[in-house]
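Enquirer: Spelled out from the first residue to the last, the chains are:
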Amino acid sequence: MTAVLRRINVVGIAAMFSVLVLWELSVRTGLVTFEYIPPPTRVVAGLGEIISSGELTTNLVHTLTAAVVGWAIACVVGVLAGLALGLSRATWTYSMASVDALRALPIVAFVPVAVLLLGFTMEMEIVVAFYAALWPIVLNTVAGLRSVEVRLLEVGRVLRLGHRGVLWKLRLPAATPFIIVGMRLGLSVSLVLTLVSEMVGNPAGLGFALLQKAQSLQPEQMFAYIVVIGVAGIVLNAVLMALARLLFPGQMAASGESA
Amino acid sequence: MLETSVEPVGSGRASLECDDLRVTLAGAAGEVDILNGVRLSVASGDFVSILGVSGSGKTTLLRVLAGLQQASGGQVLCNGIPVDGPPQGVVTVFQDYAHSLLPWRSVRRNVALGIEDRLSKSECAQRVDEALEMVDLQRAADEYPWRLSGGMQQRVQIARAIAMRPSVLLMDEPFGALDAMTKASLQDQLQQVQALTNTTIIFVTHDVEEAVYLSDRVVVLQGRPAAVGLSLEVELERPRRQVATKELPEYLKLRHEVYAALGQASAQ
Amino acid sequence: MTATRTEPRPGVTAASKPPVRRRSAGTPMRGLIPLALVLLLWQALGNSESPYFPPPSAWIRALKPSLDDGTLYAGLGWTTLTVVLSLVLATTLGAVLGALVGSSRRMDRAFGPSLEFLRVLPAAALVPLAALILGYTMQMKLAVVILPATWPVLLTCRSARRSMSSVLVDVTRTLGLSRRQRIRKVMVPALMPAVLLGLRVSAPLALIITLLVEIVTRINGLGALLGQAQANFRSAQVYGLLVIAGALGFAVNWLVTRAEGAVAARMSGGPTG
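Chains as they are written, first to last, in the working numbering: chain A, 1 to 259; chain B, 1001 to 1268; chain C, 2001 to 2273.
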């Protein structure tokens, strides 16, 4: 019981809560007079409004679908490309620099291109999310495959595992924590870029809702959306980590990600 | 509490002394008494070793003497002045040499760390060279510490302390992490340094042979919370030699006594 | 974008941990061949009238007018200025806060969760909010960029301060260094590699978010030019500006990596550092 209590960071939660109380008080007492900063209680009310009108569900589903679908495609393509680059010396030599060059393109700058090519559509959002998540996944897969300890590969030779055995039993398991990190990075980047593509392109989803609430001067609802977006990011990440721990308990524990 | 100190406290001759020292620390299971009524007086120029089984509070005692840790009761006097924070003229050498040296500074600049802002450039350089010479490190002066062996790194730390020209040198198991050969050569180097500088040295160790071999007096901490259990004068001729000294019957007798005191300590 | 993780966990090594002075770490330039081939084919087969895929030569032609009247230089200048200013502020803020929070377990535990929530909050979500409060101004741009660019530095600094050996603090005390000397001679150099490690993540992030703000709000800068070109369906110009943004990104990465390499080699010391 005390162990459970100790794991819950009471002080941390209290600090967070006191910031909220301070915020509430300073707005209420007129210490901060800014018509666009509502106190936390009004934000909660705003959250209630967007939930009961049903717009939150619609927007949330729209944005998360685009982000997750794009990300899922990127996982498949990214890991495959990473395998090609990480396992074949020749592929790496003759294309890694191209990957680096493309990666250097700020992904945000790619959004106008996507809007130009695909218009204001859900496909455009998915493509943007895909492109955004692709690079961290590719790079981390390559890094994971190349990070395998020489000693471990020697073990493979001593045990006569053969090429396939070394790949499946040593290199892939050793690279798993890296690949997971790439996927985590990719997931949060694709969420952000989906929001951006909704702000400048497809008028739908959470990104557009944010703009709309700002323009129609409904800061409570806008703040409520910001909170929802933050929580959605945390939840997505937590789900991914839980899945990873379920599927690869050994590797995650070895890389210090078990707690 | 056992009253074993040789000189009366407050006699003025002592360079570092403490009386009725108590330390209580907050642990996982509430408050733990570490030291209870430690009384110690070290005369100027003396080499005193503090021995104890692990967990006996040796390091805590040293840290309190060094002014790095507050006592819960009692007092530490350095040249008659109460200690409250690291006093001037008292420098500590830590066991963990790897983390005590600044990896981005060369050996020379590590040794200069404590004096570079107090002395002129030429004076500082002279002191650094002097200190490096004493520990026989002139040739490594421009190396980075992480390129050196453990023994050499610990010599850098000793040189850095000497460069401060301390009146008291506190050493916390300085050779505890070194292999036997390196340890022996550093022990002899430390003897030479003390002979040259006449610095008071308080030396914490868990190695009985090392304590008897180096010291003028060996102090054994006993009990939990700890107090001074045995205080033994070591009157072996100096300079001491690793082989010859350790074969003297007198040495063997002292060694035996200290082991007995330690055995009693661990039995409690 | 709060995407970038900065804890020194095994997975991030690819992007963040400097391999201990491996000279041959550079990727071979031969690897650029596929990209060059694609561009060449595009040039050879592309139709310069295509509304979607104009060939590279058309990109250059489309950029010519903005080069001539200086709008491109102005945009590049504004973007660079925003990135540099916000990086300077974010690094200072992140280093100081990180060192403070990391210096005590109590502070760390108290502020940890709040920092974590702010960190995962996507920067894009803050643009409308900042625009509402600060208006369409340079200050707004800076505010939006500084917040996310601070985290990487703050977090690396926090963990570096947390893992800093307590012996190091004892050493400075026993050598009688004053508080100022301690900070100048030990803390700053000891935390420097962490700051630069964080900066390496922050710098591209700052550029991306600057472009993001500019694209969304159309406040002067490279991103605004991109947004306008896209809104007017000038595809060749969009591609051209994309390449320029890429070049800027490359320059930023190169600079920061070089700085980090130089400092890491000198400061962090040996294999243990």
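The hints are simulated quantities; they were obtained by calculation from the structure and are not laboratory data. Quick caveat: nothing in here was measured; it's all calculated off a predicted structure. Beta carbons: idealized from backbone N, C-alpha and C, even for Gly. Check each hint, because a few of them may be wrong.
[Stated by the list, open to error] Simulated DEER-style distance windows between Cβ atoms:
#	chain 1	residue 1	chain 2	residue 2	range
1	B	R1109	C	A2247	33 to 43 Å
2	C	E2116	A	L25	22 to 32 Å
3	A	G250	C	Y2073	50 to 60 Å
4	A	R245	B	A1029	31 to 41 Å
5	A	Q215	C	L2039	32 to 42 Å
6	A	W23	B	S1149	32 to 42 Å
7	A	W23	C	V2169	33 to 43 Å
8	A	I13	B	R1165	51 to 61 Å
Enquirer: Which hint numbers doesn't this structure obey?
Expert: Checked against the structure, the only hint that fails is number 6, while the rest are satisfied.
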